[in-house]
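Asker: So the chains spell out like this:
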Amino acid sequence: MQTTHPQAFDRDDVLFAPVLRTGRGFYAAVAVLLAVAAWGAYAYTTQLRYGLGVTGLNRPVAWGFYIVNFVFFIGISHAGTLISAILRLCNAEWRRPITRAAETITVLVLFFGLGSIIIDLGRPDRLFYVLQYGRLQSPLLWDVTSITTYLTASTLYLYMPLIPDLALLRDRARGWRRQLYTAISLGWRGTPEQHRRLERGIAVMAVLVIPIAVSVHTVVSWVFSMTLQPMWKSTIFGPYFVTGAIFSGMAALIIAMAAVRRAYHLENYLKPVHFNSLALLLLTMSLLWFYFTFAEHLTAYYGGELAEGAVLFAKVTGPYAPEFWAMVVLNLVIPLAIMANRRTRTVAGIVTASASVLVGMWLERYLIVVPTLANPRLPYARGLYFPTWVEWSITAGAFALFILLYMVFTKLFPIISIWEVREGRELGIQEAYERIESYLPGPGVGAGGPIALR
Amino acid sequence: MARWGMVIDLDRCTGCQACVVTCKAENNVPVVTPREAQAGRLMLWMTVIPEVEGEFPRVRARFTPRPCMQCDHPPCVKVCPVQAMTKSPEGTVSHVFARCIGCRFCVQACPYGVTYFNWQAPTWPKDLRESLNPDFAIRPTGVVEMCDFCHHRLQHAREEARAEERDVRGEGEYVPACVQACPARALIFGDLDDPNTAASNLAHSPRAFRMLEDLGTSPKVYYLKEG
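Residue numbers (my numbering), protein chains in the order written: chain A, 1 to 454; chain B, 455 to 681.
Next up, chain A with everything else stripped away, as it sits in the complex (with noise of 0.2 Å):
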């Protein structure tokens, strides 16, 4: 395709410039995240050398930052490929800039899930016994094998549509990079036979890894309400996390957009109306994520049972109601004020908002774990958290790592995918206007015809 249109070379020049160039400022950053992530694995070091004793956690908070962390990253996770899936399966045209930077966090992000569960056990060295001796009947399995499965299925699905530019960048690379992209880009030549085996597979893949996506986030929540323990054992702990799930992977999503677009001035591919239609779909997962947690906690109320009441008034009036209300500030009023609103819904504005989504979203994963752990059924045994330097710094250096290899994949891969923009300029655009002429009265095989699924 590329040897056909050689003017589009220099129009999309800018998208290959972050991969065959790099300046002074990214090493600065590579640097610096560099160094929190070192900490952070000194802090695990220690950790591994003391045993869990050097963090906050106790009897009975024995799940903190780090339960905290699995499920807040998982939540990321959603971000990627299941609203590109969406998108996709929408046949929404404005996706073709996001979709490549969404499924790279989901996949990357899944790692760091992982990863705080691994750190979180009293006895990493025993990690295998999970496979060896593994009990399906164990939430803990549900969430390793769906994961898993999630983790294939993202990473097959950000795969797939890199292998068109893969093969872009093997004919532009030299040295060891053209080595690299000559194996990985599996011969790819842009024939329309290629071409229509690729979009089958990216089709099936983006119908299969929806369900895959929904199921993660599901068996993340049953690990908690499949107990028995106040304000756990919620039959609607499913959908909640799911939809707070898309809500943070959404704002994460944003603001990678809007790190890279500022970082590898592709304002002219990702433009203020890609941002503004991101912003309309968290506006509705905001407001989604804020009826949830209403009937969550109303009916914690209303029922008045005296276990749950422990738990519900230590988050909204007890020594949890700081984060509690600064999560209701962070998660619906900050988000509803900037994107209700018009005149404020612009790219800055839109990147505030995620970035109190965000901070708010980590702070309902903190909420769901650690007042109910802290309130247990039986009064005995009651106490707060306080993490230690352990758990921030391995926190930090979790966040630190994920944004490093965010960038440094970034730097390997074009982030923006350079066919699927193409393609919408060389046939979306006629498609859209055909589809558009379908819906309306008058001839046209759009009624009853076959949808196409691209």
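A few of these clues could be false.
[To be verified] When the alpha-carbon atoms are kept at most 30 Å apart in a straight line, the in silico BS3-like pairs for lysine-lysine are as follows: (1) K580(B) / K541(B); (2) K532(B) / K233(A); (3) K233(A) / K541(B); (4) K679(B) / K478(B); (5) K580(B) / K478(B); (6) K580(B) / K679(B).
These are calculated hints, taken from the structure and not from any lab test.
Chain A is already provided as a structure; the job is to place chain B on it using the hints.
Answerer: Frame of chain A; chain B shown alone:
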């Protein structure tokens, strides 16, 4: 097959904590510093929970000894990902330390809070270190542990019974250390399925109740209400 259970007569308990101390010694439960205890790292497989009710002058203290409830439907066994937490055919719930991966799912699942996690390497003052019980393993860092009705004592009793080609007697032959130590005889232990044991009779007494019975965990520890 025997179904071992415990009855705790709250009328008899004086709160002397002999059961607590005996349990620590019998099972080599690590000793922590007061600072760590304050931070919520105290380990007591058997503990006596004091409760003070009412206001002066109508005050009364109540002591509730709390071992593992040894549920017939144990939530901890259900959630364990590696089958470290197990229920024996005789119904006793115990924990395989060498299998435990330290995920602490059982800690979250237990509504009674009887599971304890080894936050750090176990320590004992010098004198205690020299008098550890050789019959029971010491646990490493990073695993969960909890009361298992002194399962090693059952193993002893079973060996002796097997030598005499009979079953372990429903009463008297096998008792956990706390039951043996109780000076007020507030703890009664035996086969709940054998109608001739004191434990099974008391478990059917009108005074008998079980902790958080409505959760459906079916504990094998019964309490006798104060009269």
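Asker: Evaluate each hint against the coordinates.
Answerer: Status of the hints after comparison with the structure:
For the suggested pair K580(B) and K541(B), the alpha carbons sit about 35 Å apart, so the restraint of at most 30 Å is broken. With a C-alpha separation of about 15 Å, the suggested pairing of K532(B) with K233(A) holds against the 30 Å cut-off. Taking the CA atoms of K233(A) and K541(B), the gap is near 24 Å; set against the 30 Å cutoff, the hint holds. Between K679(B) and K478(B), the direct Cα distance comes to roughly 26 Å. Compliance with the 30 Å bound is thereby established for this hinted pair.
For the hint linking K580(B) to K478(B), the alpha-carbon distance of about 15 Å falls within 30 Å, and the restraint holds. As the CA atoms of K580(B) and K679(B) are separated by approximately 41 Å, the hinted pair breaks the 30 Å bound.
Violated hints, in rising order: 1 and 6; the structure is consistent with all others.
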